[in-house]
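Assemble the complex: chain R is given as a structure, and chain G must be docked to it using the hints.
2 protein chains.
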Amino acid sequence: MTEQDTRPGPSRRTLLGWGGAGLALGAAVAGGTAAALDLGGEDAGPAAAGGDAVPFHGVHQAGIATPVQDRLHFAAFDVTTTDRAKLIALLKEWTAAAAAMTAGREVGTGAVGDNDELPPDDTGEALGLKPSRLTLTFGIGPGLFEKDGKDRFGLKSRRPEALVDLPPFPGDNLDPARSGGDLCVQACADDPQVAVHAIRNLARIAMGRAAVRWSQLGFGKTSSTTPDAQTPRNMLGFKDGTRNIAGTETDRLDKHVWVGEKDGPAWMAGGSYVVTRRIRMHIETWDRTSLKEQEDVFGRTKAEGAPIGKQREHDEPNLKAMKPDAHVRLAHPDSNSGATILRRGYSFTDGTDGLGRLDAGLFFIAYQRDVRDGFIPVQTRLSRSDALNEYIQHVGSAVFAVPPGVRDKDDWWGRALFA
Amino acid sequence: MTEQDTRPGPSRRTLLGWGGAGLALGAAVAGGTAAALDLGGEDAGPAAAGGDAVPFHGVHQAGIATPVQDRLHFAAFDVTTTDRAKLIALLKEWTAAAAAMTAGREVGTGAVGDNDELPPDDTGEALGLKPSRLTLTFGIGPGLFEKDGKDRFGLKSRRPEALVDLPPFPGDNLDPARSGGDLCVQACADDPQVAVHAIRNLARIAMGRAAVRWSQLGFGKTSSTTPDAQTPRNMLGFKDGTRNIAGTETDRLDKHVWVGEKDGPAWMAGGSYVVTRRIRMHIETWDRTSLKEQEDVFGRTKAEGAPIGKQREHDEPNLKAMKPDAHVRLAHPDSNSGATILRRGYSFTDGTDGLGRLDAGLFFIAYQRDVRDGFIPVQTRLSRSDALNEYIQHVGSAVFAVPPGVRDKDDWWGRALFA
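Each protein sequence line maps, in turn, to chains R and G.
The opening position of the first sequence corresponds to residue 1 in UniProt numbering, with each subsequent residue numbered one higher.
The opening position of the second sequence corresponds to residue 1 in UniProt numbering, with each subsequent residue numbered one higher.
Calculated directly from the structure, the hints in this document are not laboratory data.
A few of these clues could be false.
Copies of the same chain look alike in the list, so a pair counts if it works inside one copy or between any two.
The list that follows gives simulated cross-link-like pairs (lysine to aspartate or glutamate, EDC-like), each with its CA atoms no further than 20 Å apart [to be verified]: (1) Lys92 to Asp411; (2) Lys262 to Glu284; (3) Lys310 to Asp116; (4) Lys92 to Asp408; (5) Lys320 to Asp83; (6) Lys150 to Asp373; (7) Lys409 to Asp350; (8) Lys150 to Asp165; (9) Lys262 to Asp370; (10) Lys255 to Asp370; (11) Lys310 to Asp373; (12) Lys292 to Glu117; (13) Lys292 to Asp411; (14) Lys320 to Asp410; (15) Lys147 to Glu261.
The following block holds chain R by itself, in its conformation from the complex:
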C-alpha cells in the first residue's frame, strides 16, 4: 500500500468562491448510510455513487441511530449572549453550516472569494477531504431553560420533564470544567480532521454568542449500531456493549430512543436525550490484574468477548453464570427493569497526568427516550455495585435534550422550541 492509497481521492469538497479554485457544488449530496431512517428532505435519495455523506435532513438527527463512525469531536458550549434573537440567529447559522459540512461542502456562501480583504468563511483545513460520513448532532442543556434561577430566554416553561439534572452517583469525581453546557454538538466522522474542522467552524460562527465550555476528542469507537458487527474494544481491551440497539431495529428505537408524540413536549417528538460521561480508566492498575479477574469483572472472555460460559460474542448471556457484581450482568436490561440505552461512546487518550499515567478511558455517550428510564436507573445500579468501579472513575458529566431532525432547508436546529 502506498501513502497515496490512503489519502482521500478526488473530493466533492470544493472551494466556494475562492477565486479560480474549483467548481461550486450546489446540490445536497445523498449518502448511503441511513437506510433504516425514515428520512424526508431533498437528500433522502439512494446512495450516490462513491458518496460517503450521511443525509443531514430527516425525521431524526443523524449521529444517533446511523452507523457509528470511527472518530469523535464532542463540544459543549456556554451561551454568552442574553439576547434571544441572537441565539436564534446562531442556531440558524449553525444549521446552514452543518448542512454544508456534512455534505462535504465548505461553510459559507462564496461571497468571500470576491474580497480577499475579508477572512475566508471556512477555515480550510478540510479542503480536499471527503465528507467521511460526518454527522453533527445538536443538543440543548438544562441551563438554556433556566440558570441560577433565571429564565434566560423565556424557555423555562418549555423544559422537558425528561431533561432532568443527573443525580450524584457514588464514586463520581466530576470536574465542573468538563461537565455541563447550554448547548452541545457531537461531531462524528471517519476522518478526525473532518470532525475537528466541523467543531472549530461552529465555534467560530458562535463567536460573541456562545463559547466552547469543554470538548473531547475520541480516537476509537467502542460501540456499534450495526447488527452482527464485532463490537470494538475499549481501553481495557474488552468488548462492551455487545447488545446495543442497532440502527435497523425500529421497534427498539421507538421504544427506547426516540421521544414519542405522546411523551411531550411536542417540540421534542422524534428527538432523544443524550448523557455523556467522561470515564477515566485506571489503566495501570487494570494492567496488573490477572486475566481471570478481568474476565470476572466484565462477565465476558477477553479474547472472543463471549459471555462467561458461552462461545461467541453474540451468544445470549447466562447472567447467573457471572459473578453478582459483573459489569455485563449489572448493566443488562434484565437487571434494570428493562432499562435500555443506545451507546455510542469513544475511547480517549489525553496525554499523561502528573504521575506519568495515561489520562485515558471512555467518553461514554448514551441516547435514550427518557433519562429517568435509561441512564439513571442503569448507573444507579452500576455505581453501587459494579466490580468495574475499582478501575474507573467518572470525571465529567452532561445531559442534553436532542431535538428531532431538521426537516428541510427552511428548518433549523431547535426551531420548534422557539416557535
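Frame of chain R, contents of chain G only:
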C-alpha cells in the same frame, strides 16, 4: 457504505496463548511500504497479500523515510532506574515487543494463557485490528548520556556531537512538562487505536525502569514522504512542507537525513536525529485574518497551495515574489544555506484552554543528519523573522538521537551504543 465496510477485516493479529482463542502466527509478516529502504532481515520480502505491516528490521528504523501514516502517538520517557543492566534489559524487551506489534502480533510469548491468574502479556485493545502500517521509532535524549552533571550509565563519552541541546529561540514559551526526555518512541499508524496500544504496552513494559514524561496524540498528518502526493493541510488550512524529502529520494536522504559512516560516532551510522516541537496555533486570531494576509504569511495560495504567483502546489516557488517574511521563503533551503530537514509532523487538538480557545496546533517532527545543520539554522531564521510567528507559539521541545535500524531478531534498540 455499511459500518462493517469500515471495520477491519479478518486480521492477522491473533491471541497468542489465550486458551482457545486463535492460531499463533509465528512468522514475521512482510510489508509493502518500504521499497526505498535497503532492508535486511527476515521480513524484507515482498508484500504479503493483503498485508499492511511495515517491516521492522532494516538498515534504518522505519517511521522516518517510510510513507507517513495517518495518526501519531509520540511518547517521551524518563529513565527511572539507575542500573545499566536493567536499562539494557528494558531496551531488549521493548525491541521484541515492537517487532511483534508492528507485525500485527500481540506482545508476549503466549505463556500467559496457561495461567489466567497472571495479567495478560498484552493489554488487548488492538486484538482484531490490522497492523495498520504501525511503525515504532526509538530515540535517545541528551539526559541518558549526562544529567545534572552525572554520567548515569557510563555513556557520557559516547554522546554524539550532533546531539546538541537546542538553544533558546525568540518567542519560545516552553513547558518543561512537555519537553525533553531520556528516551522516546514515535508510534505512527493508520489506526490510532493501534498507535495508542503500542505506546501503552511499551509504557507498561517499562514499569520500574522508565516512565512516560509526556506524550502527544496527533490526529492528522501534515506532511508527506511520498512524491507527487498532495500535502495534507495543517490547522491553519494551508499546505506546508510541499518540498519535503521523499522516501524514494535516496540521494537527499543520504545527504540530509541519515548519519553517514564518517559522521561519527560509529553507533549512530544509519541513524538520524529528530527534533519535536509542540507548536500551539492561535486559531481564533488566525480565523479573523483576511485571506490575503493568510496567503502573504505563508507565501502560498490557500486553495491550491501554489507558491505565490504560480498555479500548482508542486510548481517551483519564486521566492522573490513572496513577502520577505513569508514562511515558505524563510524556510526554503535557499534562505538557509541549503539546510534541509525531513518533516513528519501531525496536527493536534487537546481540548480547549481556560478561555474556551482550542488547544490546537502542529506537533512538529523533523529528522536530519545533524541538528546543527538542520533544525537549528532553519529555526534561528524563522524564529526571528517569520510572519507566521504572530499566530503560533512553540510550547514544547525535545531532541533525540535515533539509532540505526534493528538488523535482525538478535539485535535491539541501541545495542551498538552499549557495546
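Structure-based check of all given hints:
{"no.": "1", "hint": "Lys92 to Asp411", "verdict": "within (8 Å within a copy, 62 Å between copies)"}
{"no.": "2", "hint": "Lys262 to Glu284", "verdict": "neither (48 Å within a copy, 44 Å between copies)"}
{"no.": "3", "hint": "Lys310 to Asp116", "verdict": "between (64 Å within a copy, 17 Å between copies)"}
{"no.": "4", "hint": "Lys92 to Asp408", "verdict": "within (12 Å within a copy, 61 Å between copies)"}
{"no.": "5", "hint": "Lys320 to Asp83", "verdict": "neither (56 Å within a copy, 50 Å between copies)"}
{"no.": "6", "hint": "Lys150 to Asp373", "verdict": "neither (28 Å within a copy, 63 Å between copies)"}
{"no.": "7", "hint": "Lys409 to Asp350", "verdict": "neither (37 Å within a copy, 34 Å between copies)"}
{"no.": "8", "hint": "Lys150 to Asp165", "verdict": "within (16 Å within a copy, 57 Å between copies)"}
{"no.": "9", "hint": "Lys262 to Asp370", "verdict": "within (13 Å within a copy, 71 Å between copies)"}
{"no.": "10", "hint": "Lys255 to Asp370", "verdict": "within (10 Å within a copy, 65 Å between copies)"}
{"no.": "11", "hint": "Lys310 to Asp373", "verdict": "neither (30 Å within a copy, 62 Å between copies)"}
{"no.": "12", "hint": "Lys292 to Glu117", "verdict": "between (65 Å within a copy, 6 Å between copies)"}
{"no.": "13", "hint": "Lys292 to Asp411", "verdict": "neither (54 Å within a copy, 35 Å between copies)"}
{"no.": "14", "hint": "Lys320 to Asp410", "verdict": "neither (53 Å within a copy, 50 Å between copies)"}
{"no.": "15", "hint": "Lys147 to Glu261", "verdict": "neither (28 Å within a copy, 69 Å between copies)"}
Comparing the model with each numbered hint stated earlier shows that hints 2, 5, 6, 7, 11, 13, 14, 15 do not hold.
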